[in-house]
Amino acid sequence: MAQLNMVQAINQALSLEMARDDRVLLLGEDVGRDGGVFRVTEGLLERFGSERVLDTPLCESGIMGAAIGMAAYGLRPVPEIQFLGFTYSAFEQLFAHAARLRSRSRGRYSCPMVVRTPYGGGIKAPELHEESTEALFCQVPGLKVVVPSGPYVAKGLLLAALRDPDPVLFLEPTRLYRLLREEVPEGEYLVELGRARVARPGSSVTVVAWGSMLERVLKAVEGYDAEVLDLLTLNPFDSETIVNSVRKTGRLVIVHEAAKTCGFGAEIAATVAEEAILHLRAPILRVTAPDVPVPLAKLIDHYLPSAEQISSALDEVLQY
Amino acid sequence: MPEVLLADFQVKRLEVLNEKGEADQELLPDLSDAEIWRLYELMLLARIFDERAVALQREGRIGTYPPIRGQEAAQVGSAFALAQKDWLFPSFREMGAHLTLGYPIPQLLLYWGGDERAQKVPPGLNIFPFCVAVGSQIPQAAGAALAARYRKDPVAVITYFGDGATSKGDFHEAMNLAGVFNLPLVFICQNNQWAISIPLKGQTASASLAQKAIAYGFQGVQVDGNDVFAVYRATRQAVEKARSGAGPTFIECLTYRMADHTTADDAGRYRSGEEVAFWAARDPILRLERFLEGRGLWTPQKREEAAAQAAAIVDAGVAAMEASAPPVASELFDEVLATLTPRQAGQRKVR
Chain A
0 MAQLNMVQAI
10 NQALSLEMAR
20 DDRVLLLGED
30 VGRDGGVFRV
40 TEGLLERFGS
50 ERVLDTPLCE
60 SGIMGAAIGM
70 AAYGLRPVPE
80 IQFLGFTYSA
90 FEQLFAHAAR
100 LRSRSRGRYS
110 CPMVVRTPYG
120 GGIKAPELHE
130 ESTEALFCQV
140 PGLKVVVPSG
150 PYVAKGLLLA
160 ALRDPDPVLF
170 LEPTRLYRLL
180 REEVPEGEYL
190 VELGRARVAR
200 PGSSVTVVAW
210 GSMLERVLKA
220 VEGYDAEVLD
230 LLTLNPFDSE
240 TIVNSVRKTG
250 RLVIVHEAAK
260 TCGFGAEIAA
270 TVAEEAILHL
280 RAPILRVTAP
290 DVPVPLAKLI
300 DHYLPSAEQI
310 SSALDEVLQY
Chain B
0 MPEVLLADFQ
10 VKRLEVLNEK
20 GEADQELLPD
30 LSDAEIWRLY
40 ELMLLARIFD
50 ERAVALQREG
60 RIGTYPPIRG
70 QEAAQVGSAF
80 ALAQKDWLFP
90 SFREMGAHLT
100 LGYPIPQLLL
110 YWGGDERAQK
120 VPPGLNIFPF
130 CVAVGSQIPQ
140 AAGAALAARY
150 RKDPVAVITY
160 FGDGATSKGD
170 FHEAMNLAGV
180 FNLPLVFICQ
190 NNQWAISIPL
200 KGQTASASLA
210 QKAIAYGFQG
220 VQVDGNDVFA
230 VYRATRQAVE
240 KARSGAGPTF
250 IECLTYRMAD
260 HTTADDAGRY
270 RSGEEVAFWA
280 ARDPILRLER
290 FLEGRGLWTP
300 QKREEAAAQA
310 AAIVDAGVAA
320 MEASAPPVAS
330 ELFDEVLATL
340 TPRQAGQRKV
350 R
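In the order they appear, the protein sequences are chains A and B.
Following numbering that gives the first Met the number 0, the numbering of the first sequence begins with 0 at its first residue and continues without gaps.
Following numbering that gives the first Met the number 0, the numbering of the second sequence begins with 0 at its first residue and continues without gaps.
One or more of the hints may lead you astray.
Unchecked claim - In silico lysine to any residue, SDA-like type, Cα no more than 20 Å apart, as pairs:
#1 B:K200 - B:W278
#2 B:K151 - B:L5
#3 B:K348 - A:E274
#4 B:K151 - A:P125
#5 B:K348 - A:S238
#6 B:K151 - A:R51
#7 B:K84 - A:S109
#8 B:K167 - B:A214
#9 B:K119 - A:R107
#10 B:K167 - B:K200
#11 B:K211 - B:L5
#12 B:K84 - A:S49
#13 B:K151 - A:S49
#14 B:K211 - A:P184
#15 B:K240 - B:L5
#16 B:K200 - B:G168
#17 B:K151 - A:D21
#18 B:K119 - A:S109
#19 B:K119 - A:G106
#20 B:K348 - A:A1
#21 B:K348 - A:T270
#22 B:K167 - A:L57
#23 B:K84 - B:P122
#24 B:K11 - B:F217
#25 B:K119 - A:S49
#26 B:K119 - B:E321
What the hints contain is simulated information worked out from the structure, not anything from laboratory work.
Generate coordinates for the entire structure from the input sequences, incorporating the hints supplied.
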């Protein structure tokens, strides 16, 4: 098995699915000749041609809207939005149309597409290139939200997303693109959407994280008897695995790089409060970014949750 | 260095049938008397449907409704040029197009009565659901056109929108996509000159909307939107061009919204009675009647018969709409996803 980074794993998933299914088309800014600004789609234009890998004009709403029309027509488009911060101009297409098309046409039309976008902080990029507003998208029924945490799951989740009958927002943590290398099977395999993964078993505290925070959490929990859950899919999220783990450990810490207020950690905390409050031996803690806009490079390390903040939250719940 | 002229453009306006009912024989489309009579019947049907829908809203039998009065030629004339296999991305004020394509009347009324089941477009009609978010259907039409081109299907994709939508980014992004990818797409702007209270001059400083196409590298034409022959002729040319792979066209149908924006609006607050009267004299149905009369095809008696026939069709639609059982609570969850999430499934169970 080859050791791949996440860029290579995602590229492999796209390539495999495009070879298998001629309904799969890529479209976006710089996805063709340039292979994407992170090179995730490198080589796909050469392999599949300009009919299937479309370099579009600079128009996020147009890209998203066009993908909806393509999906309704019977294709399986994969629009790439260059950075999560640029999806903001495509919110209407995503929220008012992609997520609702199946419902409001009562099944006459559907919108099987995977919106790929790099997301998250820690790459010292310009403004709006490091957003982590994933929770915004989780509020919209009809839209699935998936966040891989490494090369292996990225490939399997993307293949599963590409075969999903409904729209999926696939958030690719930019900090991890080339940070981690893992054994990745060459052929196809699926990682089921809607299922969390036990990244590290443990018994005294449950830590839930996703995306680039997982890597940081795994470092921070060294020396603790912590069970780390990698959420993988935020909507629909695997409340069963979380609740079962909390019933066992009695403690819960949620870590995300998004701002605290109305971050996805709030949904997890509320769910555990509803379903397992009597099993809790300590308050639920959230380790998050502060409620401020994502800063530029010089302040970003003060913004993202640190390993120290995570371990101090663990100490707090364990000593409660 | 001397300045050079980079480009020089013309914007054309097409008129075939004038207010007196006189047609330019050179430009008159190749339609049989029976087809022209069918256009007339459909325009009457659209008018009578619209009057009934407004009355139903006033009686509390449906919800807020956006009238199409005055736009019958622009809608019927354009939709009449389409084939069943073509794809249509409407906004929310083109019920005349729906009626022309055979969209079931009970479903039109149910939708405006607040029943989402009515957006389940019948099989065989490639019409997208109504789009209330102004202009946002236009890039979707570009996507369907991209897909049709990829599949090498000889179909045209048509999108309708109003003058207000031409101020929105989605209109421009879609026009640009259509130009760059040479898409089989026909943009049909129903320029009814009012976007709620904002008149056309508050929407654009352009002398026409048609000329906006020039900037995107394809043809734009203005037609007299109250002239059913001009609308039909321009649309037919544009859809044939699209199906043959020759690219997109923008058609501006210059018409007039005779009624309020919706039944919740009062246009008397922002426009004059004189302006409305000016356009009433240019009524698209009146004009076609004069033409038909000149051909010996129309009499007041024939109008009565055609109107009675249309009213009977609408009556049957109203009866079917009112006989439809209301949706039940669990239908909230219908088709939200192909497979409901565990949480949704649990929520459905207790409804």
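Going down the list of hints, with the structure as the test:
1. B:K200 - B:W278: 17 Å, holds
2. B:K151 - B:L5: 35 Å, violated
3. B:K348 - A:E274: 18 Å, holds
4. B:K151 - A:P125: 41 Å, violated
5. B:K348 - A:S238: 18 Å, holds
6. B:K151 - A:R51: The given pair, whose Cα atoms are some 13 Å apart, holds under the 20 Å limit.
7. B:K84 - A:S109: Between K84 (chain B) and S109 (chain A) the Cα gap is close to 19 Å, so the pair holds against 20 Å.
8. B:K167 - B:A214: Distance ~16 Å between K167 (chain B) and A214 (chain B) Cα, so the pair holds.
9. B:K119 - A:R107: 6 Å, holds
10. B:K167 - B:K200: 15 Å, holds
11. B:K211 - B:L5: Since the Cα atoms of K211 (chain B) and L5 (chain B) sit roughly 17 Å apart, the hinted pair holds (cutoff 20 Å).
12. B:K84 - A:S49: Between K84 (chain B) and S49 (chain A) the Cα gap is close to 26 Å, so the pair fails against 20 Å, i.e. violated.
13. B:K151 - A:S49: 15 Å, holds
14. B:K211 - A:P184: With Cα atoms ~52 Å apart, K211 (chain B) and P184 (chain A) exceed 20 Å; violated.
15. B:K240 - B:L5: 27 Å, violated
16. B:K200 - B:G168: 18 Å, holds
17. B:K151 - A:D21: 13 Å, holds
18. B:K119 - A:S109: 11 Å, holds
19. B:K119 - A:G106: 7 Å, holds
20. B:K348 - A:A1: 47 Å, violated
21. B:K348 - A:T270: The hint holds at about 18 Å.
22. B:K167 - A:L57: 16 Å, holds
23. B:K84 - B:P122: The hint holds at about 11 Å.
24. B:K11 - B:F217: Answer holds: K11 (chain B) to F217 (chain B) is near 13 Å, not above 20 Å.
25. B:K119 - A:S49: 34 Å, violated
26. B:K119 - B:E321: Holds. K119 (chain B) to E321 (chain B) sits at ~18 Å (cutoff 20 Å).
Checked against the numbered hints above, the structure breaks hints 2, 4, 12, 14, 15, 20, 25 and satisfies the rest.
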